[in-house]
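Going down the list, the protein sequences come from chains G and P. Be aware that the first sequence starts at 274, since it is given in the working numbering, and climbs by one per residue. Be aware that the second sequence starts at 483, since it is given in the working numbering, and climbs by one per residue.
These aren't lab readings, by the way, just hints derived from the structure by calculation. Computed from a predicted model, the values in this text were never measured in an experiment. Fair warning: there could be bad hints in the mix.
Taking lysine-lysine and the DSS-like style, the derived pairs with C-alpha atoms no more than 27 Å apart in a straight line are [as the list claims (entries may be wrong)]:
hint: 1; chain 1: G; residue 1: LYS346; chain 2: G; residue 2: LYS330
hint: 2; chain 1: G; residue 1: LYS282; chain 2: P; residue 2: LYS491
hint: 3; chain 1: G; residue 1: LYS288; chain 2: G; residue 2: LYS346
hint: 4; chain 1: G; residue 1: LYS295; chain 2: G; residue 2: LYS346
hint: 5; chain 1: G; residue 1: LYS288; chain 2: G; residue 2: LYS338
hint: 6; chain 1: P; residue 1: LYS565; chain 2: G; residue 2: LYS282
Computed far set for chain G versus chain P, every beta-carbon distance over 10 Å [stated by the list, open to error]:
hint: 7; residue: GLU293
hint: 8; residue: ARG316
hint: 9; residue: GLU363
Beta carbons are placed, not taken as given, at the ideal position from N, Cα and C, and that holds for glycine.
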Amino acid sequence: AQRVTQPEKLLSVFKGAPVELKCNYSYSGSPELFWYVQYSRQRLQLLLRHISRESIKGFTADLNKGETSFHLKKPFAQEEDSAMYYCAIETSGSRLTFGEGTQLTVNP
Amino acid sequence: DGGITQSPKYLFRKEGQNVTLSCEQNLNHDAMYWYRQDPGQGLRLIYYSQIVNDFQKGDIAEGYSVSREKKESFPLTVTSAQKNPTAFYLCASSISGSTTYGYTFGSGTRLTVV
Chain G
274 AQRVTQPEKL
284 LSVFKGAPVE
294 LKCNYSYSGS
304 PELFWYVQYS
314 RQRLQLLLRH
324 ISRESIKGFT
334 ADLNKGETSF
344 HLKKPFAQEE
354 DSAMYYCAIE
364 TSGSRLTFGE
374 GTQLTVNP
Chain P
483 DGGITQSPKY
493 LFRKEGQNVT
503 LSCEQNLNHD
513 AMYWYRQDPG
523 QGLRLIYYSQ
533 IVNDFQKGDI
543 AEGYSVSREK
553 KESFPLTVTS
563 AQKNPTAFYL
573 CASSISGSTT
583 YGYTFGSGTR
593 LTVV
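Could you put the whole structure together from the sequences, leaning on the hints where they help?
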């Protein structure tokens with residue numbers, strides 16, 4: 274069965290430091306992977322998709338099929354990046370399976 | 483103003499009661515989903531529907547029921563059979579059941595059993 278694991282429940286960094294949110298998955302085929310973000314008092318929203326190879330708000334994520342990982346990275350964290358981040362994988366029937374989430378806090 | 487509306491925002495239920503959570507969208511999306519969000523467990527799929535009058539069980543469907551009589555509406559009923567219903571419930575929708583363009587999420591309903 275498809276599964277997404279985010280090993281860090283909480284992650285705290287200082288402003289300007291690099292940040293990496295880890296995501297590992299298990300899937301037998303070619304995965305479609307996503308990162309969603311939920312800022313305080315806002316709705317959960319799509320941050321980026323691996324298929325687009327895009328950089329959103331300075332964040333990037335590279336799919337590593339060998340390590341079955343899709344870590345989210347940003348070279349210089351900002352205070353406004355503080356939020357809950359969820360990694361997700363598309364499963365059968367165009368469903369999304371989400372990881373447990375990582376609460377990122379960027380300290381001034 | 484397009485989007486998903488969930489109501490009510492807060493809901494209190496007595497033990498043994500059924501309650502229904504509303505989810506309405508005016509995005510003309512074909513697919514709709516219900517997730518349950520618990521601290522430390524992420525989002526878990528309860529039910530989803532890719533077309534009117536059809537729906538499938540997700541990973542934790544026991545104790546829940548849904549209907550999809552209209553494209554814009556996907557209500558979730560939490561029955562008395564659900565052993566631990568206190569949680570935050572999120573509704574989402576997507577174009578034609580595709581994940582490519584992402585899901586649009588509602589603002590959620592917090593259900594508390596009293």
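Please name the hints from earlier in the document that this structure breaks, with their numbers sorted from lowest to highest. Numbers 5, 8 and 9 - these are the hints that the structure violates, sorted from lowest upward.
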